[in-house]
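Undergrad: So the protein sequences, as listed, match chains S and Y.
At position 200 of the first sequence (counting the first as 1) the number is 200 in this note's numbering, and the numbers step up by one without a gap.
At position 2 of the second sequence (counting the first as 1) the number is 2 in this note's numbering, and the numbers step up by one without a gap.
Where hints are given, some of them may not hold.
Partner residues aside, some chain S positions facing chain Y, computed with beta carbon under 8 Å [unchecked claim]:
hint	residue
1	THR11
2	HIS35
3	LYS38
4	PHE114
5	THR147
6	THR270
It is worth saying that the hints were derived from the structure and are not from the lab.
For glycine and all other residues, C-beta sits at the position ideal for the given N, C-alpha and C.
2 protein chains.
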Amino acid sequence: VRPATIADIDTPAVLIDLDRVEANLTRAQTYADAHGLKLRPHIKTHKLPLFAHRQIALGAVGITCQKIGEAEVMAQAGIGDILIPYNIIGRDKLTRLRSLHERITLAASADSAFVAAGLSEAFSGMQSPLTVLVECDTGMGRCGVTTPEATVALATGIARSPGLRFGGLMTYPAAGNPARTEAWLSEAVAALRQAGLDVPVVSSGGTPDLWRAHEVETATEHRPGTYIYLDRKHVETGMCGIEDCALTVLATVVSHPDADRAVIDAGSKTLSSDTLGLTGFGMLVDHPEVVIKGLSEEHGHLTNAGALNIGERVRVLPNHACVVSNLFDVVHLVSGDEVLDIIPVAARGRVG
Amino acid sequence: VRPATIADIDTPAVLIDLDRVEANLTRAQTYADAHGLKLRPHIKTHKLPLFAHRQIALGAVGITCQKIGEAEVMAQAGIGDILIPYNIIGRDKLTRLRSLHERITLAASADSAFVAAGLSEAFSGMQSPLTVLVECDTGMGRCGVTTPEATVALATGIARSPGLRFGGLMTYPAAGNPARTEAWLSEAVAALRQAGLDVPVVSSGGTPDLWRAHEVETATEHRPGTYIYLDRKHVETGMCGIEDCALTVLATVVSHPDADRAVIDAGSKTLSSDTLGLTGFGMLVDHPEVVIKGLSEEHGHLTNAGALNIGERVRVLPNHACVVSNLFDVVHLVSGDEVLDIIPVAARGRVG
């Protein structure tokens, strides 16, 4: 029997507030439209075909998936334009990538000649080339070529590789410094044009600086992920308010060993151990004074919890929404207190 | 096509070395038998009916599951004796617990009168009572009654409750101090006997002090979980060697942005963000000099990684094995380099 209201849902459970989802998606698309920026949402946050379709209906040019397995789920669900901004290596993955390429508009990325060579070998026999973006490290210190010179060298190699088409640049920028991202990208684009290469797409991403995405003037598209749900991290940085956050974890107080401490049935298996630099592992929406001091796998250990009672149900705003989606097989779609549906997280657990 | 050898497995993937599993299970059962201690392994680490059956075949008296959903999977697979050492609250869970009780030998726990009252109400109409252990906080500072007096009060209440049978005590002890655990439990047992209560079971747990479990002389059974796979945490504390660890994550180097840094395709979605107090997020078995300095969801960020090459495959020993089992839909069973089987992690993701 499907629960009619939130009070009927067994815990722990993920609640997705559909009204907030709609507001968050609309706000971002309106912003992007106002600035002539294309939106290519990253579905890693929700992993749901339902919301991918909604993002496209609102105006997104396509979606972003981090893994081939996620892209396969989304293509199966009818999404026709997917970027996989990941270095794809190995026979099995390349075979799957070819199969996807036959069905949808697909692009991938590379940050080394090794990756580009593998893609070229896999796609050289195909009718249409695979679009490949060069991943640029514009300051984050993760993947990506680290200089405009290396960008030109790799882009030139891709442009000359059988089976590949150089599609432009991709970066995941460090937060808080759009000017630096812009300087990096504009210098690289100038160098590429000087080398005779067309740069049709410059793709940046991230929710932390979503409202400043237009400051990266060279970017043609933006790939926000977390913006659909938002989370405690983005509340703490001031990017949004608690009232914008669409994903919460419903939990029950299962123990209250002393006056100060309480324990809920949401631990690292439901909230993840991600702190993202914050103190504590989430916040109780209706009890902001409570500290989620530690997590074991099935328990959240609270302090300053004198106001809570055993058996009471609480809503936890997690530090990091994306990882919570990956931990649950299903999510509950709600509007106010009403439960509208329970749907499988179709693209969760797709590690490859 | 099932991969024949580890070289054929796409990454990231969980590898379970069956020879090491067998050695770890046998070593613990031999130890327990030598000390007249019953073993009731916690299946949260492997979440696999295959290994639960093996643990029982080797001599375990039953298994431990942390959630009803895990117990349901194991009961369905034919496991007939399960302890759920968790405060079970709420109509839905109590209904499921009753259903389990009709099929298998079941015990639960409680650390408050609130939880005991809920269990009593649910089981008072049943033919046979539910066995309930009192959870004791012997020093860990998580769930559990915190004094022998509170133990007696709760046990007396359970013994008098319709539908319930007081089954004894349960604790998850703090590591490194079996003497303190023993002092706490023996005082509580003495107080219970003085109050006229029989204490058939005293259940302790944990892998960190597994080889010292016999020092808790009052305990009648022990619930180790991680001992089946072991992990970097237990290597670092000296509880085991790297050569005992049965679970590794196979990963591929996907980027090498500069001479020192490399990136693998195993991030927090495959290793979890658990540090367990260690520096770094795991270790590369064949490259102990490499530091897994940070994780994003789909990437592990390595430093001191000069010896690695893009496309190279590595085996990562995670900090915490249990949480990795929960993140993968399937695991690969291997012996040496040979892949014997790929099996679903049947009890993963059972949050309720």
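Undergrad: Look at each hint and say if it fits the structure.
TA: Consistency of the hints with the structure:
Interface hint at THR11 of chain S: satisfied, since its Cβ lies 7 Å from the closest Cβ of chain Y, which is below the 8 Å cut-off. Proximity of HIS35 of chain S to chain Y is violated relative to the hint, the smallest CB-CB distance being about 27 Å (cut-off 8 Å). Violation of the interface hint for LYS38 of chain S is found here, the shortest Cβ-Cβ separation to chain Y being roughly 23 Å, above the 8 Å cut-off. Because the closest C-beta pair between PHE114 of chain S and chain Y is about 4 Å apart, less than 8 Å, the hint holds.
The interface hint given for THR147 of chain S is violated, since its Cβ lies 10 Å from the closest Cβ of chain Y, which is over the 8 Å cut-off. Interface restraint check for THR270 of chain S: the shortest CB-CB distance to chain Y comes to about 6 Å, inside 8 Å, so the restraint holds.
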